[in-house]
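Protein chains in written order, with this note's numbering: chain L, 1 to 249; chain S, 1 to 258.
Calculated directly from the structure, the hints in this document are not laboratory data.
Zero decoy hints are in this set.
Stretch-level coverage of chain L by chain S, calculated; a stretch enters the list once three of its residues show a Cβ under 8 Å from a Cβ in chain S:
#	stretch
1	197–209
2	231–240
One-sided excerpt, in silico: chain S residues whose CB lies under 10 Å from chain L:
#	residue
3	105
4	108
5	109
6	147
7	186
8	247
9	249
Estimated spans, in silico, between C-beta atoms of each pair:
#	chain 1	residue 1	chain 2	residue 2	range
10	S	184	L	221	28 to 36 Å
11	S	141	L	203	26 to 34 Å
12	S	217	L	203	28 to 36 Å
13	L	166	S	198	39 to 47 Å
14	S	198	L	209	36 to 44 Å
15	L	248	S	141	21 to 29 Å
16	S	199	L	224	38 to 46 Å
17	L	126	S	222	35 to 43 Å
Here the structure is a predicted model, which means the values were calculated and not measured.
Quick reminder that beta carbons are idealized off the backbone N, C-alpha and C, glycines included.
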Amino acid sequence: MNCEQCQELISPFLDNDLEETTSANVQAHLALCVQCAKVCEDFAVILDFCREQPTTKVIAPNSQALWCRISNTIETEIKADTAQQTKQKQEEAKKYRFPRAWKFSFSQVASAVLGIALVSSLLTVVGVKNYSAPTPDGGSAIESYAEPNVFEKVLGKIGLIETAQNVRQRRIEQQQAAIEYWNKRVEARRMQWNNHLREAFDRNLNEINQAVSEYTLILQENPQDELSGEMLDSTLNEKMELLREFSDL
Amino acid sequence: MNLDLHNLFGLLTSKKTTILLWLSVVFFTFSVGEVSAQVKFAKSYPASKNVRLQLTNRTGTVTVEGWDRSEVAISAYLEKPAANIVPQSLSGTIVINLVKDNQGRNEVGSVNFLIRVPYSSSVDIETRMGNLNVNNIQGNLVRAHISSEGDITLMNISSGAVVAENGIGDIFFDGEVRREGNYRFTSMRGVINLRIPLESSFKLVATAPSTRSINLGSFSNGDMNFVGDGRRVVGKVGDGSATFNVTNQRGIISFITR
Numbered sequence: 001m002n003c004e005q006c007q008e009l010i011s012p013f014l015d016n017d018l019e020e021t022t023s024a025n026v027q028a029h030l031a032l033c034v035q036c037a038k039v040c041e042d043f044a045v046i047l048d049f050c051r052e053q054p055t056t057k058v059i060a061p062n063s064q065a066l067w068c069r070i071s072n073t074i075e076t077e078i079k080a081d082t083a084q085q086t087k088q089k090q091e092e093a094k095k096y097r098f099p100r101a102w103k104f105s106f107s108q109v110a111s112a113v114l115g116i117a118l119v120s121s122l123l124t125v126v127g128v129k130n131y132s133a134p135t136p137d138g139g140s141a142i143e144s145y146a147e148p149n150v151f152e153k154v155l156g157k158i159g160l161i162e163t164a165q166n167v168r169q170r171r172i173e174q175q176q177a178a179i180e181y182w183n184k185r186v187e188a189r190r191m192q193w194n195n196h197l198r199e200a201f202d203r204n205l206n207e208i209n210q211a212v213s214e215y216t217l218i219l220q221e222n223p224q225d226e227l228s229g230e231m232l233d234s235t236l237n238e239k240m241e242l243l244r245e246f247s248d249l
Numbered sequence: 001m002n003l004d005l006h007n008l009f010g011l012l013t014s015k016k017t018t019i020l021l022w023l024s025v026v027f028f029t030f031s032v033g034e035v036s037a038q039v040k041f042a043k044s045y046p047a048s049k050n051v052r053l054q055l056t057n058r059t060g061t062v063t064v065e066g067w068d069r070s071e072v073a074i075s076a077y078l079e080k081p082a083a084n085i086v087p088q089s090l091s092g093t094i095v096i097n098l099v100k101d102n103q104g105r106n107e108v109g110s111v112n113f114l115i116r117v118p119y120s121s122s123v124d125i126e127t128r129m130g131n132l133n134v135n136n137i138q139g140n141l142v143r144a145h146i147s148s149e150g151d152i153t154l155m156n157i158s159s160g161a162v163v164a165e166n167g168i169g170d171i172f173f174d175g176e177v178r179r180e181g182n183y184r185f186t187s188m189r190g191v192i193n194l195r196i197p198l199e200s201s202f203k204l205v206a207t208a209p210s211t212r213s214i215n216l217g218s219f220s221n222g223d224m225n226f227v228g229d230g231r232r233v234v235g236k237v238g239d240g241s242a243t244f245n246v247t248n249q250r251g252i253i254s255f256i257t258r
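Construct the complete structure from the given sequences, taking the supplied hints into account.
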């Protein structure tokens with residue numbers, strides 16, 4: 001006998017409704033299976049409880065009237081809910097309804113059309129300018145610094161697009177700030193270096209400063225020279241590195 | 001008169017001999033003093049074939065050589081005032097950092113290293129001033145960085161990533177170019193000579209903005225373009241599998257066939 005069969009027979013077993021053989025089988029299973037024994041025990045407790053507590057039927061004096069009152073109460077609550085939901089829906093619909101019909105003059109429409117055209121052209125120019133991918137051959141890097149047209153210059157002036165020169169200038173300012181920081185640290189340390197080290201440092205710094213001056217001069221004459229811009233960036237990085245590495249000594 | 005002259009000549013000769021003798025004594029005394037002013041440091045570590053050496057020197061010459069042993073042998077000559085050296089072996093990396101080990105000290109003498117590592121090691125060395133030499137290395141990385149002055153010589157290198165950077169000084173690379181490899185050489189002023197096999201294939205961006213002197217030698221071909229008024233060469237050799245990026249701000253760049 002498995003547990004499922006046993007548990008189906010527990011109720012008749014407790015009521016002594018089973019044949020002797022089946023009852024013996026159930027008993028044998030209960031002796032071996034803790035789980036079924038527990039179920040049987042629970043059943044027995046429930047049965048005992050029911051036997052001890054005699055059921056008393058309480059009959060309402062007028063059961064029909066009672067049921068009538070209950071159903072009326074339920075109906076009233078349902079109606080109230082429905083009415084509230086309908087009201088809410090109406091209010092929401094009112095919110096999204098246009099208060100009045102659109103009325104524009106010809107000049108207003110024309111201005112709006114012109115405004116939209118202007119904004120979309122600006123966005124197109126900005127998009128093309130910002131998201132044009134460089135070609136991998138490296139040669140285009142120099143061409144990408146082509147002279148900005150008048151339109152781009154105007155946009156750059158009013159701050160809608162950032163020109164290559166603006167980007168470079170911003171980068172140089174950041175690098176100069178870092179250089180200034182490391183330079184202060186070097187100044188605080190360099191008195192402790194020996195002459196040999198101090199001279200080597202100065203020679204290298206001088207070399208870098210010369211390169212920086214050369215590139216700055218070229219860029220003043222030709223701000224579109226990307227190669228010089230790139231070299232200036234690289235040289236300023238080297239200056240920063242030199243100062244940082246010597247500030248540890 | 002003749003006799004007097006002869007005596008005088010003899011006197012002068014003997015004085016010269018004495019002076020020479022004295023000079024020799026002084027010279028040897030100083031030489032011995034010079035040698036005795038150096039302290040020797042030596043330490044060895046058992047190492048796996050792909051050990052990584054990471055060295056940061058202050059000043060002095062560093063030479064790293066590959067050898068056929070599973071061992072890293074460090075020997076160093078320390079000039080006075082002698083630097084502190086505390087090498088560490090950290091999970092497959094030998095770390096020597098003289099900048100960190102001597103921070104806060106007013107004056108520290110130069111340290112000249114000779115380090116032997118297994119051939120297949122990765123080598124990452126830098127110094128604030130002095131020469132760096134790396135020979136016979138086939139590991140994944142060879143990096144040599146000089147903050148200021150010094151020459152970099154990389155001989156018989158076969159690594160997939162090679163970086164050589166210095167301020168004032170020459171860079172010489174002699175080695176193979178691995179497929180998909182990355183090679184970067186940067187100098188502020190000096191000569192960059194790259195000696196590589198003729199059959200090498202790589203993409204090249206070489207820039208010498210000041211001198212405009214970029215000699216491609218046998219690697220010159222129709223795929224090479226001079227751009228920016230001859231300040232930069234961009235192109236490719238063979239199928240262009242590796243990448244070469246060479247910049248010499250105020251010096252020349254030359255390619256030599258190996």
